[in-house]
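*Asks:* Each chain, written out:
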Amino acid sequence: MNFPSVEFDDAVSALCLGTASERDVVGLHSRLRSDPAARDEYLWQVEMHARLAQMAGGEIGGIENVRWSGRSSGQMRLAVAAAVVMIFAGGLFWSLRNAHDNEKKTIAAATQELKHGSSNGMGFQMEGIYRETVRFAFASDAPVFVGTGRAEPIALGAEVPYTPAGDTLHIWDWSKSPLSRVMKDIRLWPTDVFAVSPDGKTLVIASGKVIDLASGEISKIDLGGEYYLDNEGGQLRRIQELQFTPDGKHLALRLSNIVLSKSTHPLRKEDFDTTRTIQIIPYPAGGLVCEVPAGFRGAFSQDGKRMATAMPEDKAKQQIVERNAVTGELMREYEPRLNEFAYATAYSPDGKCLAAFDSGGGDVLIWDTASGELKHRVHPRGNHAAYLRFSPDSKLLAVSLINKFSIIEVASGTIVGTVPQDIPAQIYWAEDGKSFDVVTTMTMTEKAGKEGQEVFDVFPGVKHWKLTDVEKK
Amino acid sequence: MDLNRDELPSSDESKAHFLRLFLASERELFRYVAALVPDISDAEEIVQQTAVELWGRFDRFDPSQAFTPWACRFALNVVKQWVSRREKWRGLLDEGLAEQLAGRREELRPAFDQRMKHLDGCLEKLPAEQRGIVQAYYFRRESVEAIAANARRSVEGVYKVLQRVRAMLRECIERAMRTGEML
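Protein chains in written order, with the working numbering: chain A, 448 to 920; chain B, 7 to 189.
Watch out, some of these pointers could steer you wrong.
Said to hold, decoys possible - Label-pair ranges, simulated between beta-carbon atoms:
no.: 1; chain 1: A; residue 1: S468; chain 2: B; residue 2: E180; range: 40 to 48 Å
no.: 2; chain 1: B; residue 1: Q136; chain 2: A; residue 2: V773; range: 39 to 47 Å
no.: 3; chain 1: B; residue 1: R184; chain 2: A; residue 2: K913; range: 45 to 53 Å
Claimed, not checked - Derived pair list, reagent style DSBU-like, types lysine-lysine, alpha-carbon separation capped at 35 Å:
no.: 4; chain 1: B; residue 1: K86; chain 2: A; residue 2: K822
no.: 5; chain 1: B; residue 1: K86; chain 2: A; residue 2: K764
no.: 6; chain 1: B; residue 1: K21; chain 2: B; residue 2: K86
no.: 7; chain 1: B; residue 1: K21; chain 2: A; residue 2: K762
no.: 8; chain 1: B; residue 1: K21; chain 2: A; residue 2: K851
no.: 9; chain 1: A; residue 1: K851; chain 2: B; residue 2: K131
no.: 10; chain 1: A; residue 1: K752; chain 2: A; residue 2: K881
no.: 11; chain 1: B; residue 1: K21; chain 2: A; residue 2: K764
no.: 12; chain 1: B; residue 1: K123; chain 2: A; residue 2: K764
no.: 13; chain 1: A; residue 1: K910; chain 2: B; residue 2: K166
no.: 14; chain 1: B; residue 1: K131; chain 2: A; residue 2: K910
no.: 15; chain 1: B; residue 1: K86; chain 2: A; residue 2: K656
no.: 16; chain 1: A; residue 1: K716; chain 2: B; residue 2: K166
no.: 17; chain 1: B; residue 1: K123; chain 2: A; residue 2: K762
no.: 18; chain 1: B; residue 1: K21; chain 2: A; residue 2: K667
no.: 19; chain 1: A; residue 1: K716; chain 2: A; residue 2: K752
no.: 20; chain 1: B; residue 1: K166; chain 2: A; residue 2: K631
no.: 21; chain 1: B; residue 1: K94; chain 2: A; residue 2: K696
Hints were generated in silico from the structure; no laboratory data involved.
Heads up, the beta-carbon is just placed ideally off N, CA and C, and yes, glycines get one too.
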């Protein structure tokens with residue numbers, strides 16, 4: 448293999464992309480052994496490749512800000528961090544380690560999917576954010592969120608040196624205190640899946656445990672089981688995500704369902720696969736209202752009777768699909784399709800509008816739910832995690848992106864104000880619609896410390912804005 | 007078996023210390039491994055195995071020394087074990103090529119770090135379609151086949167785009183280094 452040559456570049460690329468033939472690998476290694484200039488060129492190319500891979504989940508144009516942020520943090524890092532955590536938990540990682548290579552990837556992929564359904568950004572959930580050592584869930588209509596932490600109260604926006612001992616329930620009500628209230632006797636683990644009721648009074652965990660956040664009283668709801676399997680051999684998680692409907696009367700369970708089919712392999716009886724669905728469960732009674740195919744992200748109308756998700760779940764060019772949340776019946780497929788993925792969706796409180804953020808191009812699309820007509824395509828421009836929230840009177844739509852926060856006037860489809868912000872944030876409008884709070888969703892950062900770069904858990908911070916201040920800017 | 011998680015003991019200080027050090031080193035460790043075995047999933051697997059090895063020997067770690075070089079030495083051994091099980095990769099072990107690459111990368115690392123500060127800005131300058139393919143492949147980890155289907159390109163075409171994009175990024179970075187722009 449000559450150097451420099453197209454053949455050399457092609458071989459390096461094939462090595463990076465996992466398509467290298469034996470000829471590529473052998474030829475390249477031979478050249479690298481004999482040619483220092485080829486070694487430097489090779490190292491340059493693979494360094495670029497590795498750094499791009501480490502941006503997984505990041506946004507072009509905001510990479511430094513999002514590299515470690517919440518639910519969109521890099522899959523690679525999540526996978527490795529998960530493995531490290533599993534070293535201590537035992538079990539799965541060891542089984543992966545000893546498995547045959549091909550099987551290993553299959554098992555890893557399936558398990559990753561079952562364990563971390565939302566970590567790849569494919570989740571239905573809109574309110575829970577986490578990484579392996581910290582997790583939060585937000586009440587949709589109260590200034591309350593819950594999370595995991597150690598035994599001491601934690602301030603809003605605090606950056607706490609990472610330790611793996613954060614397994615205690617913390618409750619923040621930022622209208623009352625900047626410090627968390629700690630329920631020392633209640634364990635809440637970062638790997639738990641949980642949701643807070645819209646009024647911020649109740650926490651539901653996928654295990655079926657229901658916790659009164661005022662008294663600590665615990666009751667149960669039958670959600671059908673958090674796991675298919677939970678033992679020393681690992682976990683197969685059934686409930687990936689939980690979400691309350693805005694009226695607080697139902698829970699949406701995003702599920703991974705096991706599908707076993709007859710195997711064509713002579714030594715294996717069955718093959719394993721998964722499907723994803725959403726079950727709507729009456730709260731607190733339990734039971735089943737309906738079950739529908741899972742989509743990407745999702746939102747419920749204020750009365751909890753309609754739900755919108757993006758389909759297909761795992762492919763670009765998604766379409767917003769609206770279903771009756773009581774019967775599961777398909778009501779409408781909104782046109783046009785998105786360029787890529789619906790990173791956020793939201794209904795207006797009056798139910799007349801539905802908005803979606805398209806990662807491909809960064810447009811916000813606003814439809815009339817009565818006619819299905821696209822009313823506006825607005826261009827705040829961004830291509831990463833986003834939050835959308837209509838004002839209580841449905842006249843304004845707040846869009847929280849990396850680097851900025853914009854307000855759109857729904858009637859005209861124009862951006863009436865933009866302010867800078869570091870990372871996307873949950874949006875809480877005041878009842879009169881004249882101000883709002885934004886609650887940051889970053890969960891991890893790195894800083895220089897005594898032992899080099901150290902990892903810190905970052906807890907949500909709250910910033911208050913008056914609408915007039917945003918409009919001025 | 008239904009685990010009662012409330013009864014699990016808390017992790018001790020040693021584990022916390024290890025995790026802190028490992029998480030801080032993990033990105034550099036991945037790049038170190040990827041210089042030898044560039045395929046992302048293979049490199050991730052090797053880093054995972056390295057984590058296990060490191061934890062098993064953490065009691066021998068001298069806290070007065072830097073953690074990352076110690077971790078990289080283990081990673082090199084794990085890479086060698088990985089390579090030894092794959093016939094076509096064995097050339098990486100001939101004449102100390104793995105050590106040569108690792109050593110040279112260490113020499114080049116300050117230059118890499120300096121240049122890669124421009125990567126973000128250069129990604130922004132990519133044409134939209136190419137940026138989309140980079141995001142799909144590297145950020146969302148979509149398969150090349152899925153990207154090709156969505157982009158209405160051939161699979162081979164997507165591979166070529168990814169290769170070309172890295173070359174374009176490199177040119178952009180070199181240009182930025184020369185002009186000092188974007189920093």
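*Asks:* If a hint holds in the structure, say so; if it does not, say that too.
*Replies:* Hint by hint, here is what the structure shows:
| no. | hint | in the structure |
| --- | --- | --- |
| 1 | S468/A - E180/B: 40 to 48 Å | violated (30 Å) |
| 2 | Q136/B - V773/A: 39 to 47 Å | holds (45 Å) |
| 3 | R184/B - K913/A: 45 to 53 Å | holds (46 Å) |
| 4 | K86/B - K822/A | violated (59 Å) |
| 5 | K86/B - K764/A | violated (42 Å) |
| 6 | K21/B - K86/B | holds (27 Å) |
| 7 | K21/B - K762/A | violated (39 Å) |
| 8 | K21/B - K851/A | violated (38 Å) |
| 9 | K851/A - K131/B | holds (20 Å) |
| 10 | K752/A - K881/A | holds (28 Å) |
| 11 | K21/B - K764/A | violated (44 Å) |
| 12 | K123/B - K764/A | holds (32 Å) |
| 13 | K910/A - K166/B | violated (45 Å) |
| 14 | K131/B - K910/A | holds (32 Å) |
| 15 | K86/B - K656/A | violated (48 Å) |
| 16 | K716/A - K166/B | violated (40 Å) |
| 17 | K123/B - K762/A | holds (31 Å) |
| 18 | K21/B - K667/A | holds (34 Å) |
| 19 | K716/A - K752/A | violated (43 Å) |
| 20 | K166/B - K631/A | violated (56 Å) |
| 21 | K94/B - K696/A | violated (59 Å) |
When the structure is compared with the earlier hints, violations turn up for hints 1, 4, 5, 7, 8, 11, 13, 15, 16, 19, 20, 21 and for no others.
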